[in-house]
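Asker: With chain A's structure known, arrange chains B, C, D and E on it following the hints.
Residue numbers (this note's numbering), protein chains in the order written: chain A, 211 to 480; chain B, 211 to 480; chain C, 211 to 480; chain D, 211 to 480; chain E, 211 to 480.
Since the hints were derived computationally from the structure, they do not count as laboratory data.
One or more hints might be untrue.
Note: identical chains are not told apart, hence a pair may lie in one copy or across any two.
[As the list claims (entries may be wrong)] Okay, derived cross-link-like pairs now, DSS-like style, lysine-lysine, Cα gap no bigger than 30 Å in a straight line: (1) Lys328 / Lys428; (2) Lys328 / Lys313; (3) Lys428 / Lys243.
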Amino acid sequence: MKRKSQSVLRAVGRPAATVSRPSLSSLSVAHGKRVRLWRMLYAHGVRNGTLAVLPLDQGLEHGPTDFFPNPTALDTNFQFRLAVEGDYSAIALGIGLAEKYMKEYCGRVPLILKLNGKTNIADDAEAVSPLSAGVEEAVRLGADAVGFTLYVGSPRQDYAARVAEELGADVVKLHEPDEDNARSPEPYRSLREAAPERLRRVVRSAGRVMVLFSGGVKQDNDAAVLRKVAAYMEAGATGVMFGRNMWLRPFDAALALTRQVHRILSRHPR
Amino acid sequence: MKRKSQSVLRAVGRPAATVSRPSLSSLSVAHGKRVRLWRMLYAHGVRNGTLAVLPLDQGLEHGPTDFFPNPTALDTNFQFRLAVEGDYSAIALGIGLAEKYMKEYCGRVPLILKLNGKTNIADDAEAVSPLSAGVEEAVRLGADAVGFTLYVGSPRQDYAARVAEELGADVVKLHEPDEDNARSPEPYRSLREAAPERLRRVVRSAGRVMVLFSGGVKQDNDAAVLRKVAAYMEAGATGVMFGRNMWLRPFDAALALTRQVHRILSRHPR
Amino acid sequence: MKRKSQSVLRAVGRPAATVSRPSLSSLSVAHGKRVRLWRMLYAHGVRNGTLAVLPLDQGLEHGPTDFFPNPTALDTNFQFRLAVEGDYSAIALGIGLAEKYMKEYCGRVPLILKLNGKTNIADDAEAVSPLSAGVEEAVRLGADAVGFTLYVGSPRQDYAARVAEELGADVVKLHEPDEDNARSPEPYRSLREAAPERLRRVVRSAGRVMVLFSGGVKQDNDAAVLRKVAAYMEAGATGVMFGRNMWLRPFDAALALTRQVHRILSRHPR
Amino acid sequence: MKRKSQSVLRAVGRPAATVSRPSLSSLSVAHGKRVRLWRMLYAHGVRNGTLAVLPLDQGLEHGPTDFFPNPTALDTNFQFRLAVEGDYSAIALGIGLAEKYMKEYCGRVPLILKLNGKTNIADDAEAVSPLSAGVEEAVRLGADAVGFTLYVGSPRQDYAARVAEELGADVVKLHEPDEDNARSPEPYRSLREAAPERLRRVVRSAGRVMVLFSGGVKQDNDAAVLRKVAAYMEAGATGVMFGRNMWLRPFDAALALTRQVHRILSRHPR
Amino acid sequence: MKRKSQSVLRAVGRPAATVSRPSLSSLSVAHGKRVRLWRMLYAHGVRNGTLAVLPLDQGLEHGPTDFFPNPTALDTNFQFRLAVEGDYSAIALGIGLAEKYMKEYCGRVPLILKLNGKTNIADDAEAVSPLSAGVEEAVRLGADAVGFTLYVGSPRQDYAARVAEELGADVVKLHEPDEDNARSPEPYRSLREAAPERLRRVVRSAGRVMVLFSGGVKQDNDAAVLRKVAAYMEAGATGVMFGRNMWLRPFDAALALTRQVHRILSRHPR
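Excised from the complex, chain A in its bound form (with noise of 0.2 Å):
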């Protein structure tokens, strides 16, 4: 009992400024869902604590004009073979992908089935999200995890991450803080951050829930990409959802870039 307190001890009184990730180990979690995290954390993907997911709900979310870059990616062959060619912790998607296109690479690549999504038409402040499966339908099609996305609507991602703690997430997906303060309200607009310090203050707010970064629109510079992929990780992410940013890259050249970002995961081990 006494060592248990001491770590306790040390974990309050370690400085604000470095952030310590959340292990799989020292989660309390059932043995099935452990089993589950196990599964994407160190049977596939990098292997080493680490989660790189490969996302596509954008032509629910966005419309099929996300696919307009790279039109071969509308046929979601191309995701899936990139999820498992390119070794990725998951392939997050709704029911109707994974049910079409999933017989082929069942077991090869975790699945996240995402619950939720809606289109980009309705007006965003009247939107709602319904739902198009349920836990049932997850372990009908044997994934390893669900999706669910809910709109804080606010450019604060630490409240979003802190959110997501308190309502019991295990993974949650953000996005980097933008660094236009003027539009923020107090106690933001006031806040003097370097991108690094925006990002462990986001992740530190996510407090034992894994913290994932998403990549947002294609960035044509693949250096780019990959100091993003850097700095998310070293402000203690988890691991990053990067979807457009590779399937909207030709197959060979999303395979390469894919496993640069491996390489930067390979670093980040726990």
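Answerer: Coordinates of chains B, C, D and E only, in the frame set by chain A:
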């Protein structure tokens, strides 16, 4: 396992300008659903993997004025007789018409039971489309499929196609997209596509979901109707769902036009 | 099989100017429902396949002022006695009145249990019509039918008729359509119909749903009331549902008028 | 059978100016409900088929300011003691007060459990009245009745009475209708009624539903309170439901006034 | 039976100026609930029937900016350690924090599981406070109580207290009412109360519901915090629920202040 990977590779590498229609044999569907899809694709209609569906929900959706040009079509026997004598792949209507008129036609034409619908009286913006039947009623009535109407509310039919795929549809009915780009948002406004390209883009966007195109308002010119059918099939559609263009013609004319549609579909086996 | 097809052929080919009323024997209904419809069509009322229904929901829908012209009608015994002594096909009311007043009349007149209704206090536009009973209560009370009120909200009664058919009603109560075309949308505005044509159009639009016409506000002139009944029956209605035109008359006058209505209905056997 | 018809005939023929109160023995109610109504009508209170009910929901509905004139009434023991020592037919309150204060009074006074209620803070127009208990809680607490509040939202108390009857209430609590016709719609505005006529109209409108009148805001003059009770009973009410006019008086004064109310009720056996 | 009546008499007759706190032994609660309340009142905290509860939901309700003055408090270990080392009666937080951080503290401090909560991003007027857990989760986590937040939306804290009692709460957390009468409606505006009277009025309004007062925004002055605690307890509160005034202090300062709070509570046994 080797062959499967290769077929995937080929799929990814195929040129975007041609669209290969999904075939029943290649789809991942449970046995029961395969039986029911097979019945419509290969045991009725042209029996070559195409679909000619006769829809009848205009009385509910638009009101009885739709029947004013051909009052005999107000009697649902007209549509059932046309579906049977014209050898349609299926007839699509709601529970009220199915229960009242199907008796003499049971087994002679597959039924697609429409589960929801709405009148055009309420303002479109706030319209809800309440359920009038469920899967249980469909089973009781011996239906081979159910139809559910979603209002994606957009001239961008490729978006509707993608939504259908991501949410898990097997078949989607779409409209031919409008060529008026001026009212569309970017990047649609800048697209310079001939009609066939536009149709192929929509079909491609549906991925492994079979696409039916609807006929819309009645055209008096038979040749124009047939040109549309040909164009849709050449763009990769699995079939057509023409209602008013069929049953607003006198019975014998509707039957003759149906046979010409079959002739076009017979050139697109799969 | 031959004969059935022919009867269908004849149905399709019949001139639109006459309307043949649906007959119970030709309808596709389950045995239990056939028993209950038969009881109202052939074991009560005129017993020739017509329906004379006495409705009582005006106290809820309009308020007690509806009874001001004949305060004795506020006592539901008035309507039950009139229904029994006047030999109505059924009485139609809600669960409160059925439970409190039906004891002495059980079995002597069929009950149509109204399942929903609303007061006129809330604004019509936002009005909801909550359920006050369900099918289980109807069975417990020995009802032969249930009534559900839909607000199609339109002067176009043919639309309401069609909606009733597409949603699966067995009997629909409609109002005589207004002849004021000026306020109607096209193509109604351009219609030049005499009253009988207008009624026939509405009845035809109901297809195999039996049509009852309501009487609306009280008319003091007996002959005018009877002319309406005759017109409705000649237009193809299965019967009438007159409330205030009956029970706002003194009991003996209501009884006498009821008998004259029966005489008209007796000329329309089926 | 003969006698029943006659009694019905008499009921229909009775002059509208007098109102005969519904008697328990003549009502169609199941055995269990008859037991519970009997307990309030004949085993508690005046025991002659009248009802004297003590309500306590003003703290929730109006807020604690209702108790400012008599702070000792804030302690629910005040009302329970008054109900027991004053021999009320029932006490009516919600689950919170019932659970916390009923222990010493169990069985000594029937409980009417209020199932819903709302604060007066939200705007009345949008107010919802959420459920705080259900029939299961009522059974667990040994209640003899449940109370459900409907907002008919009208000065026309006869409408509320009719709605209660059509929806199936056994007892309805109403307010004495206002004599200010100017703000009422027609035909109410044109009514020229003395107060007794107005009350009788409301009671008649409730049909076989027993009517209780509430006392409203506190009146200091005992005689005025008693005149109201007498007027209500003479108009055909089954009883009264006076809260603030009782428990905002000092305990002994409330008890004395209660006894005078009982004396009036004792003149109206049934 | 005699003694009980007398104790009731005394309760009714007691002067309104003093408030006697509800004692667990006198409350009507089921055995299981009594066990759980006893654990918080007599087996943890000051163990004399008072409650010192440490709340942590500010991250969800206000966002992470609440932690900016003391970033180490962002790690929930801070609050759990404070609750255990400071011997609080209970810690109150939501399911996410309970599941992730409670492991080392299980059994060492009672858990009050918060069932609902909302972010401050949506406009307060339309805010909904969705459920994030239910009683089943509370049982699984070994919680001794659940917390449910109602928005009575009023400066009149006595109303919130009464609502809690009428709806059936066991314990209610309130804020100290504002002394600014100018913005309040009558009769509050005319009240001339010193702070102690104001507090007593609120506590009295809660009846047999135990009252906790919250601490609100952080005050740097320790003596001011303790004066508030003393005032609350003297007004009849059962305890306090101070969050930011505790865990926004450095750990040792928070612990020292907690002990001074305990000293005040120890003077109010029951």
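Asker: Hints first: check each against the structure and report whether it holds.
Answerer: Against the structure, the hints:
Only within a single protomer do Lys328 and Lys428 lie at most 30 Å apart by alpha-carbon distance; the minimum there is 21 Å, versus 34 Å between protomers. Taking the closest pair of Cα atoms, Lys328 and Lys313 come within 30 Å of each other only inside a single copy of the chain (25 Å); across copies the shortest separation is 37 Å, beyond that limit. Neither within a single protomer nor between protomers do Lys428 and Lys243 lie at most 30 Å apart by alpha-carbon distance, with minima of 33 Å and 39 Å respectively.
Hint 3 from the earlier list is the only one contradicted by this structure; the remaining hints agree with it.
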